[in-house]
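Novice: Chains as they are written, first to last, in UniProt numbering: chain A, 1 to 359; chain B, 1 to 359; chain C, 1 to 359; chain D, 1 to 359.
Hints are computed from structural coordinates only; laboratory data are not their basis.
Honestly, I wouldn't trust all of these hints.
It does not matter which identical chain is meant; a pair holds if it fits inside one copy or across any two.
Claimed, not checked - Cross-link-like lysine-lysine pairs, in silico, DSSO-like; alpha carbons within 30 Å at most:
1) K99 to K303
2) K198 to K75
3) K99 to K168
4) K66 to K265
5) K168 to K75
6) K99 to K265
7) K66 to K198
8) K168 to K197
Number of protein chains: 4
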Amino acid sequence: MAGNTIGQLFRVTTFGESHGIALGCIVDGVPPGIPLTEADLQHDLDRRRPGTSRYTTQRREPDQVKILSGVFEGKTTGTSIGLLIENTDQRSQDYGEIKDLYRPGHADFTYDQKYGFRDYRGGGRSSARETAMRVAAGAIAKKYLQLQHNVVVRGYLAQMGDVCCELKDWSQVEQNPFFSPDSDQLEALDALLRGLKKEGDSIGAKVSVVAENVPVGLGEPVFDRLDADLAHALMSINAVKGVEIGDGFDVVAQRGSQHRDEIRKDGFQSNHAGGILGGISSGQTITASIALKPTSSITVPGKTLTRQGEEVDMITRGRHDPCVGIRAVPIAEAMTAIVLMDHLLRHRAQCGDVSHSQK
Amino acid sequence: MAGNTIGQLFRVTTFGESHGIALGCIVDGVPPGIPLTEADLQHDLDRRRPGTSRYTTQRREPDQVKILSGVFEGKTTGTSIGLLIENTDQRSQDYGEIKDLYRPGHADFTYDQKYGFRDYRGGGRSSARETAMRVAAGAIAKKYLQLQHNVVVRGYLAQMGDVCCELKDWSQVEQNPFFSPDSDQLEALDALLRGLKKEGDSIGAKVSVVAENVPVGLGEPVFDRLDADLAHALMSINAVKGVEIGDGFDVVAQRGSQHRDEIRKDGFQSNHAGGILGGISSGQTITASIALKPTSSITVPGKTLTRQGEEVDMITRGRHDPCVGIRAVPIAEAMTAIVLMDHLLRHRAQCGDVSHSQK
Amino acid sequence: MAGNTIGQLFRVTTFGESHGIALGCIVDGVPPGIPLTEADLQHDLDRRRPGTSRYTTQRREPDQVKILSGVFEGKTTGTSIGLLIENTDQRSQDYGEIKDLYRPGHADFTYDQKYGFRDYRGGGRSSARETAMRVAAGAIAKKYLQLQHNVVVRGYLAQMGDVCCELKDWSQVEQNPFFSPDSDQLEALDALLRGLKKEGDSIGAKVSVVAENVPVGLGEPVFDRLDADLAHALMSINAVKGVEIGDGFDVVAQRGSQHRDEIRKDGFQSNHAGGILGGISSGQTITASIALKPTSSITVPGKTLTRQGEEVDMITRGRHDPCVGIRAVPIAEAMTAIVLMDHLLRHRAQCGDVSHSQK
Amino acid sequence: MAGNTIGQLFRVTTFGESHGIALGCIVDGVPPGIPLTEADLQHDLDRRRPGTSRYTTQRREPDQVKILSGVFEGKTTGTSIGLLIENTDQRSQDYGEIKDLYRPGHADFTYDQKYGFRDYRGGGRSSARETAMRVAAGAIAKKYLQLQHNVVVRGYLAQMGDVCCELKDWSQVEQNPFFSPDSDQLEALDALLRGLKKEGDSIGAKVSVVAENVPVGLGEPVFDRLDADLAHALMSINAVKGVEIGDGFDVVAQRGSQHRDEIRKDGFQSNHAGGILGGISSGQTITASIALKPTSSITVPGKTLTRQGEEVDMITRGRHDPCVGIRAVPIAEAMTAIVLMDHLLRHRAQCGDVSHSQK
């Protein structure tokens with residue numbers, strides 16, 4: 001049924017296939033009177049755009065977004081905002097050969113089984129290309145959050161294969177093609193990706209998102225907790241297989257005396273919780289991480305079936321990232337911002353204006 | 001705002017505080033004509049119930065559930081089902097001393113900040129006591145899934161502290177107080193918990209859920225993917241800080257050639273994906289894991305503030321589990337079953353009857 | 001599927017059958033800190049209660065409501081509020097004879113066709129008895145609206161059969177068993193009902209609702225307009241076959257120069273619109289009317305079928321109102337208040353605090 | 001907040017202003033494998049289109065709809081369908097003079113009060129121009145309903161001013177510019193509109209919708225009844241002030257013995273209920289009517305205020321219909337089809353495949 005919508009009050013609905021005519025979305029519930037231009041959205045779209053470095057797919061899409069409604073004389077009107085990106089570089093001839101194949105690790109098999117057939121051109125709706133509209137919609141949320149509440153949502157590559165990147169310097173993140181905050185690891189990342197390209201293989205990644213200055217009180221127990229909604233939004237990104245809030249899976253081996261964040265007059269003394277207690281933001285920095293699987297679009301031959309049930313070996317040709325995690329950074333930021341924005345409005349509805357904790 | 005509902009078509013709405021008069025829920029969207037009795041719900045409630053072993057809180061609640069509506073002559077009518085559990089063992093005098101304290105690691109601070117005050121008796125709505133209703137509602141989903149589609153949803157303790165339990169034997173799980181499928185680790189678990197009790201400390205845990213015979217095709221891209229909705233449901237459980245599907249965070253260091261599950265005539269050759277591809281169930285067994293933090297209700301003194309902003313040291317008295325992860329097993333099963341049930345109905349709405357994959 | 005919920009932010013979910021164990025509901029999204037007692041709800045429940053005059057069914061239900069959660073030390077906590085009314089006067093033996101009959105004009109046939117069978121005791125879920133929980137939930141909305149925004153929602157009987165009641169005097173409404181604001185028509189109403197009782201027949205009614213001091217700006221174009229949501233809520237009341245806002249069906253024969261409400265410095269010069277323009281409240285008094293069909297529970301014999309398809313003539317015995325419209329007044333008020341409350345929160349989420357128009 | 005979506009499982013979300021760049025919508029939840037072309041949508045868009053007769057506004061819009069996604073090789077894929085209509089005839093210069101005026105009877109005042117400002121060009125989002133996307137989305141529902149279930153949804157003009165049109169002949173409806181099924185009244189309608197044009201005034205209308213072959217069992221008590229959802233959908237159409245199901249307001253003066261539809265082996269003996277009992281379709285023909293107010297865009301001068309609070313007299317220039325009810329026929333059909341389609345899917349989710357009543 002209808003699964004192309006996220007959010008309750010800040011509500012994003014998307015459409016579009018990898019090689020269709022266009023991608024689009026409707027962003028509903030945006031407060032009126034907020035300055036908004038296409039340039040506000042384009043910045044993050046450019047960060048996500050393929051073809052920006054030799055490490056990402058060479059598909060060249062300008063990904064030029066148009067605002068079709070909901071903005072008048074430079075300001076949001078409070079009505080629904082229509083966004084559109086036309087697909088220009090479709091090259092659907094590339095994909096004819098996978099028409100009758102179930103690429104292992106892809107959604108070909110499950111789409112076919114669910115819907116009876118599928119748009120096989122570049123993965124159709126299951127392609128990560130749809131995330132462009134998430135980034136566009138997320139940029140509206142990011143703008144609002146920053147402008148009205150000084151909330152800053154940023155992401156970075158935390159790990160690729162065995163290469164760990166520490167959060168040493170935010171300014172580094174936008175200065176290398178890996179979104180790495182750790183300049184000491186740039187060479188190792190480069191070497192890893194070069195090796196993978198040569199082998200025709202791919203690698204997984206861990207991406208972290210950090211949201212600073214989040215007001216206290218966001219989140220609606222018991223099901224629509226802030227962490228639960230973040231988990232939903234982040235797990236909905238293509239290739240994500242795990243989500244952590246705060247210390248995440250490290251808590252399994254922690255003790256209560258170690259995990260609980262003690263409080264003093266000058267605030268919390270640690271942040272194992274990742275800024276969320278009982279499903280509600282505590283005013284501390286929110287931290288989340290996601291695990292992204294290695295793309296299955298590789299040239300190492302793989303065993304699979306045709307739609308007709310014949311066993312074959314296949315190779316994925318075409319333009320593909322050896323590490324899809326790289327480009328997931330702006331997407332993870334966007335999804336985080338969409339959830340925060342939604343909960344900001346939800347909080348305001350029930351409890352009135354938000355505040356930043358004094359603690 | 002209204003966050004006490006989960007599910008779109010199989011919809012569960014709950015109420016109730018730890019030391020209020022009663023807990024309750026409404027389960028809406030249940031197909032008509034399904035045999036259902038209170039005993040069907042009581043079994044899982046008893047598995048979750050406190051006071052069943054020396055390792056869990058000694059609060060004694062019979063947790064006797066009543067079906068108030070929606071069942072007639074032993075069968076569901078298709079109308080909303082009202083469920084009620086009366087609180088009998090309230091002992092609210094135990095909790096007077098935390099009235100003006102923010103217990104570190106608890107939701108006291110965030111509830112106070114969000115709502116302006118809180119029901120301080122045993123955590124009020126933020127207490128894990130509300131999960132009793134999740135288990136009751138989940139039992140309806142489990143029954144339907146098993147009866148109509150032979151789907152089996154089971155969970156187990158996968159890790160506690162550094163003690164890992166392998167999935168050796170399902171029959172073991174119900175025969176020890178830890179839900180451990182690994183009888184070789186029972187002594188180690190016992191030793192760990194005894195040590196913690198002595199020290200007045202607590203420990204985290206990892207719980208895994210496995211759903212077998214899930215029909216192919218469940219999940220609604222692009223936002224309401226099956227994995228995204230599972231992540232939401234599982235992260236909404238108290239104390240959960242991480243969710244994994246299939247290989248989870250291990251994918252970060254995997255290669256594409258290793259992760260992708262190849263397909264042959266006799267089916268998938270591995271299950272790194274955890275039974276979900278492109279957000280849609282593949283017909284393979286679904287596997288998910290969650291990380292549960294160590295409870296902050298410990299007797300090791302902790303630094304915190306009073307509501308008035310005074311710095312104090314505090315100890316949590318009362319009846320508390322040294323490892324809340326133990327009792328999370330039936331809750332995780334319930335949340336998984338609720339999501340599967342919801343998506344089964346959603347699939348049927350758009351695509352007609354479900355089938356089990358031939359692959 | 002799940003149809004027992006109304007509202008987005010102020011969300012009411014109900015359960016319960018006419019002759020089941022209890023009726024209940026969960027009210028979610030209530031702002032915290034609002035004083036609330038059972039007495040606040042009981043007042044309207046008593047107004048709706050059967051058996052209060054010789055003109056209504058003699059079923060005697062105390063309809064004593066209990067608040068099970070969400071209120072602490074006399075104030076709403078912001079968490080979900082559970083409400084319960086136990087059924088005491090069930091007398092299900094009265095209804096055995098209709099077990100296999102489709103009473104004409106009732107939902108027996110459609111429930112059977114939809115769900116495969118039905119709870120035949122007093123109409124089960126299709127009985128107007130479920131409206132008791134609407135009244136209880138609506139009372140929370142009424143209290144909030146009046147306390148926080150001075151909004152007053154009141155209803156009255158506008159017509160019964162051919163007897164029209166003019167809105168002459170609000171104070172009259174609570175002083176006669178008909179909710180008539182027109183004391184000149186009390187004798188005519190009494191005569192009409194006496195005649196119907198003698199004949200064993202019933203009559204339709206028109207009920208009007210008036211909401212004063214509604215803030216300007218409530219309503220969300222283009223689908224969730226205030227008038228559209230009012231129409232939904234009011235049409236969802238048992239027996240309602242028509243809904244009007246402002247001049248309603250009279251507009252068919254009106255001219256634009258006559259209908260449009262002109263504006264001067266002292267405000268609107270008329271109120272043909274009924275307080276809603278473009279789906280948004282204008283700050284004028286909101287007026288709505290509903291048409292309620294005559295109950296089909298009469299002793300005039302009617303032709304119908306058995307479940308087995310046999311043709312029979314039937315008489316409805318038992319305790320029934322000759323005019324169900326009478327008791328619809330508090331229900332219509334409740335539904336109106338629920339919609340206004342929901343839209344007040346929705347407005348606050350997107351646009352901030354409401355205001356009363358200066359116009 | 002987010003009010004631009006209608007439907008739960010068949011979900012339509014729209015955007016676009018009268019004089020913006022484009023109108024668009026996303027239709028989500030459409031079953032896969034249904035043949036669909038732009039021509040399927042264009043037919044109803046052409047019926048709604050302005051400029052098709054001298055009785056409607058002379059604004060000339062080709063209203064050419066494009067399908068941007070969700071259809072592959074001529075069939076729906078089950079993913080979200082993006083639709084777009086570019087605005088070509090914008091002439092926004094016409095509207096400069098109303099920039100600072102609150103046109104009486106329009107949404108200018110309420111949009112300004114709600115959002116702080118408004119897109120004044122042709123009414124912006126409050127213009128009936130947005131209904132083009134309702135018609136496009138409704139055409140998908142109509143196609144599915146007819147193709148899969150033989151359901152036919154048709155509307156007609158039932159009354160304009162004092163001129164009543166009887167449902168004499170469906171084939172007439174498409175052969176005159178009034179959608180009148182009564183050829184005996186064409187002259188009277190023509191005379192009425194000519195007179196109004198001369199006077200610069202406008203008139204209200206009543207439009208009726210009829211849905212035949214509706215399966216039995218559609219509708220979800222107690223709030224999402226089929227009639228309640230129809231009332232919501234129909235009241236959400238611009239200018240609608242009243243909605244009736246079946247006999248509508250006539251029931252106020254009816255007796256139970258007269259209203260209830262008796263049942264015999266050959267089916268219901270009458271249809272006062274309009275095909276819905278207890279909120280669930282009975283398998284009989286569904287009938288609904290709506291009252292549309294006379295447009296306030298007339299050349300008879302009207303008293304109003306400027307945004308600055310100054311009293312002025314104003315005239316609405318530009319291209320306007322003297323009776324907006326005429327073009328509401330395809331819109332009312334579309335909204336009815338959307339609701340039926342949504343409930344068909346909802347029924348299928350909970351109760352399995354629909355059937356046509358044997359009664």
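Novice: Run through the hints listed earlier and report the numbers of any the structure violates, in increasing order.
Specialist: Hints 2, 3, 4, 5, 7 are the ones this structure does not satisfy, whereas the remaining hints hold.
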